[in-house]
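Enquirer: Protein chains in written order, with the working numbering: chain A, 1 to 129; chain B, 1 to 140.
If you are wondering where the hints come from, they were derived from the structure by calculation, not from laboratory data.
Among the hints, a few may not be true.
Claimed, not checked - Here are the computed distance ranges between Cβ atoms for each label pair:
hint, chain 1, residue 1, chain 2, residue 2, range
1, A, ASN2, B, CYS122, 39 to 49 Å
2, A, VAL19, B, ASP32, 19 to 29 Å
3, B, VAL120, A, GLY63, 19 to 29 Å
Said to hold, decoys possible - Which residues of chain B face chain A? A few of them, derived with a C-beta cut under 10 Å, are:
hint, residue
4, ILE70
5, GLY75
6, VAL115
Claimed, not checked - Counterexamples of contact, computed for chain B against chain A with all Cβ distances above 10 Å:
hint, residue
7, TYR3
8, ALA15
9, THR24
10, ALA26
11, LEU27
12, LYS30
13, LEU35
14, GLY56
15, TYR76
16, ALA88
17, GLY93
18, THR101
19, GLY102
20, VAL113
21, VAL120
22, THR121
All figures in this text were calculated on a predicted structure; none of them were measured in a lab.
The beta-carbon is built from N, C-alpha and C at its ideal position, and this holds for glycine as well.
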Amino acid sequence: MNTLYVALGGAIGGTARYVIDTSILGSAGNPNFPLGMFIVNITGAFLIGVAFGMSQKDILSTGAWAFLVIGILGAYTSFSDFTLESLELFTHGEYGEVLLNLLTGPVGIIAVFLGVILTSGLRGIRDAG
Amino acid sequence: MSYLLVALGAALGAAARYLLDNWTQALAGKPDFPLGTFVVNITGAFLVGIAFSLSGGWPITTGGWQVVAIGVLGGYTTFSQDTLELLAGRKYGLVFLNLLTGPAGLIAVVLGVVVGQSLVTCRVSKTFRFGAFYGHHLLL
């Protein structure tokens, strides 16, 4: 049953990513910096942190977690888009922008932590698990 | 129409991620680091490299099966779930290890492109050889 929730959430998250990514400058195929996927992945990271903070207050059931976090946010963020666009930058000789795109990693981690702190304060980090 | 294809693809990809992630974690004896997510993301990066080669290169977000690929593989891979899993397991020190996923993914996508390219040329040359062989016998 959880798999079904994941699939339903995935449909929503994936479509949201597609819409946002293609509407913002720099979607796949555009040699400019892939700002669309950067924004998608960072906002997704932040929301994952928010969801985690909320889960510590026992707000989300297992099914809700499967739908919202694994489904929607899991399909909203994307690693394959990120690698493909990094490859595109690399083949266009934009080596500096490849490194810039790799910042998605650390910025994403910060975004997750910010999301947790926003919903459950620093206790969210300390009392995690 | 392409939105519907992306939605369906992403639903499939997300479900595949969920199942493979759980299966990998169980197979590895429930390790307290996100091995499943890593396997999903790296295989996804590899597959998107193959898809890129098979589709003939840029741009990749035009209609048809490329949209499905973006939908499926985009929904399959995920970006911050590994950070989340490390947080939940209180493995804050391992968070920096996730930063290695980026470069690992770049290696995987390049490998995928190379493998995809060889699939394309192999298919072309095989078709040519088959057609030449069959056509030769048909004519004589």
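Enquirer: Run the C-beta distances from TYR3 of chain B to all of chain A and say if the shortest one exceeds 10 Å.
Expert: violated, 6 Å
Enquirer: CB of ASN2 of chain A to CB of CYS122 of chain B, is that within 39 to 49 Å?
Expert: holds, 40 Å
Enquirer: Does THR121 of chain B really sit off the interface, with its C-beta more than 10 Å from all C-beta atoms of chain A?
Expert: The claim holds: THR121 of chain B sits with its nearest Cβ about 19 Å from chain A, beyond 10 Å.
Enquirer: Honestly, do VAL120 of chain B and GLY63 of chain A meet the 19 to 29 Å range at C-beta?
Expert: violated, 43 Å
Enquirer: How about VAL115 of chain B: closest beta carbon in chain A under 10 Å, or not?
Expert: violated, 14 Å
Enquirer: Determine whether the non-interface label on LYS30 of chain B survives the test: each CB of chain A must be over 10 Å from its CB.
Expert: holds, 14 Å
Enquirer: Classify the label on ALA26 of chain B as holds or violated, using whether its beta-carbon is more than 10 Å from each beta-carbon of chain A.
Expert: holds, 15 Å
Enquirer: Minimum C-beta separation from LEU35 of chain B to chain A exceeding 10 Å: can you confirm that?
Expert: holds, 15 Å
Enquirer: State, for the Cβ atoms of VAL19 of chain A and ASP32 of chain B, whether the hinted interval 19 to 29 Å holds or is violated.
Expert: For ASP32 of chain B against VAL19 of chain A, whose Cβ atoms are near 36 Å apart, the range 19 to 29 Å is violated.
Enquirer: Determine whether the non-interface label on ALA15 of chain B survives the test: each CB of chain A must be over 10 Å from its CB.
Expert: violated, 4 Å
Enquirer: Measuring Cβ to Cβ, find out whether TYR76 of chain B lies farther than 10 Å from everything in chain A.
Expert: violated, 7 Å
Enquirer: Using Cβ atoms and 10 Å as the threshold, tell me whether GLY56 of chain B really stays out of contact range of chain A.
Expert: holds, 12 Å
The structure does not agree with the numbered hints 2, 3, 6, 7, 8, 15, 16, 18, 19, 20 stated previously, though it agrees with the rest.
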